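Asks: If you read the protein sequences in the order shown, they are chains A and B. According to the numbering used here, the first sequence holds residues 833 to 1081 in order. According to the numbering used here, the second sequence holds residues 29 to 336 in order.
Hints were generated in silico from the structure; no laboratory data involved.
Cβ-Cβ distance ranges computed for the label pairs, FRET-style:
no. : chain 1 : residue 1 : chain 2 : residue 2 : range
1   : A       : Asp981    : B       : Asn68     : 23 to 33 Å
2   : B       : Asn334    : A       : Met984    : 50 to 60 Å
3   : B       : Lys246    : A       : Asp1066   : 10 to 20 Å
4   : A       : Ala1044   : B       : Val146    : 18 to 28 Å
5   : B       : Asp195    : A       : Arg880    : 37 to 47 Å
6   : B       : Asp324    : A       : Asp859    : 34 to 44 Å
7   : B       : Ser192    : A       : Ala1044   : 36 to 46 Å
Predicted model, so just to flag it, every value in this text is computed and none were measured. All residues carry an ideal CB built from backbone N, CA and C; glycine is no exception.
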Amino acid sequence: MKVLVPIKRVIDYNVKARVKSDNSDVDLTNVKMAMNPFCEIAIEEAIRLKEAGTVTEVIAVTIGAKAAQEQLRTALALGADKAIHIETDEKLESLHIAKLLAKVVEKEAPELVILGKQSIDSDNNQTGQMLAALTNRGQGTFASKLDIDNAMVKVTREVDGGLQTVELKLPAVVTTDLRLNEPRYASLPNIMKAKRKPLEVIAADSLGVDLAPRTQLVSVSEPVKRSGGIIVDDVAQLVEKLKTEAKVI
Amino acid sequence: MKTLVIADHDNGILKPETSKTINAAVKLGNAIDVLVLGENISEMANQVASINGVATVLVADNAIYGHQLAENTADLVLSLAGDYSHIVASATTTGKNFMPRVAALLDVAQISEIIDVVDAETFKRPIYAGNAIATVKSLDSKKVITVRASSFDLQTEQAAATVSALDSTFDNHLSQFVSVEQTESERPELTAAEVVISGGRGMQNGENFALLNGIADKLGAAIGASRAAVDAGFVANDMQVGQTGKIVAPNLYIAVGISGAIQHLAGMKDSKVIVAINKDPDAPIFQVADYGLVADLFEVLPQLENAL
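All chains, full assembly: derive it from the sequences and hints.
Replies: Have a look at this one:
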């Protein structure tokens, strides 16, 4: 069984994004970049399935500028067998990404696609669901547990107020939530080995997908800052302030 | 043109997010129809009919919609989409699940988690964990939108609107419901609570979270946690407040032993009043707190419980 894991290069999750002074976008010059945390969980899950003997091949794919190959190499170092880079310098939206991934799915025919539920830059939470729709597959979003048996995958999903389990016919699409697993780190020998693993580059505009923008980014601004509060001396003063000043208790 | 809102509910109990999402939809300026789908939902459909601004309630009452599976829900919404310029749902785990599927099948972009309506095609939404606010204009003829309900008010009531039954059924057999495990709790749900008290790494272990119980009981509060506390294994992941957990905006948020990492602030900084209790006076949480108490939480939590 083959698994496809689409990943995204994003700002490192420890770095605070700063808005450009002209309010055109977030400033990413000289900012540390990394694999999106939910994508790391997706890679880890695919590798564990391979280690368990359920999966025979793990393919990592990313869409973006040349620099994104760095994250593909990380995926290879973690244990992916091969990588595909769909190269573009355009700023693409979730719908475009899903359409390009649908082309890869068509070509590679993976039984399972595992993606992060959301990227920590655009915070859209769309690509997996869109890909499932475009490829007419069932979807198991926000997964905290996967159980593959014959032609089915059981997905336990993190939903508001609890956990929901659904069973999907394979081929299917799964998106990862935090509790699914704890990703490993790549070892130095594996990082060296990853340099020799296959990495195929495909030009995004060669795939016959309409990449015209569907949204326009009008502006980006800083969120409204909270005005500084006060430090209270003790619990008595705190309770007093909450009762008489803030009137919330 | 009209707007279609898809109601959000939990086993037939209408979620407050639905009213808030209708509040956002009203700002689009169109007449509003609301789709209620599920099993045995007639009572809930009547509740929706009394939310101010609703013109017609469309009811799809059928076992195949019982668990609001994304595949069937998306196909049902798609079948109705022709009449509407805007399709809107709450950014709950249900809305987040089926709405992008609707958008892709309509071949349009989705605008996720809007916090403000600028005009019928322009919206504000947080990006980068809320560290920036993007103003985004949709260029598509149909807009598919999810709403961060905590950014909008509850709608007032009205005389009941028309309720009309739908008999179309969509069952695509791609997925099947197996089971659901509700988190058993006497407390309100995190995202719906008026008061939230959260513990962080400073709680030191899971047992110490019991110190929050008495305070939560007295305030009718939900109990949350920072990612650090979840990662350390103190408490379950579904208690996590933050960018990768639940986004809350209660009237009162009490952060106990939480330093205030970016990831946590993203999930609670829209709370009306924030209280921080931390022994480190330099903890970033104090920069967003309305009331800070620099103290050892193990000393002051029992005092706070007694003082309430």
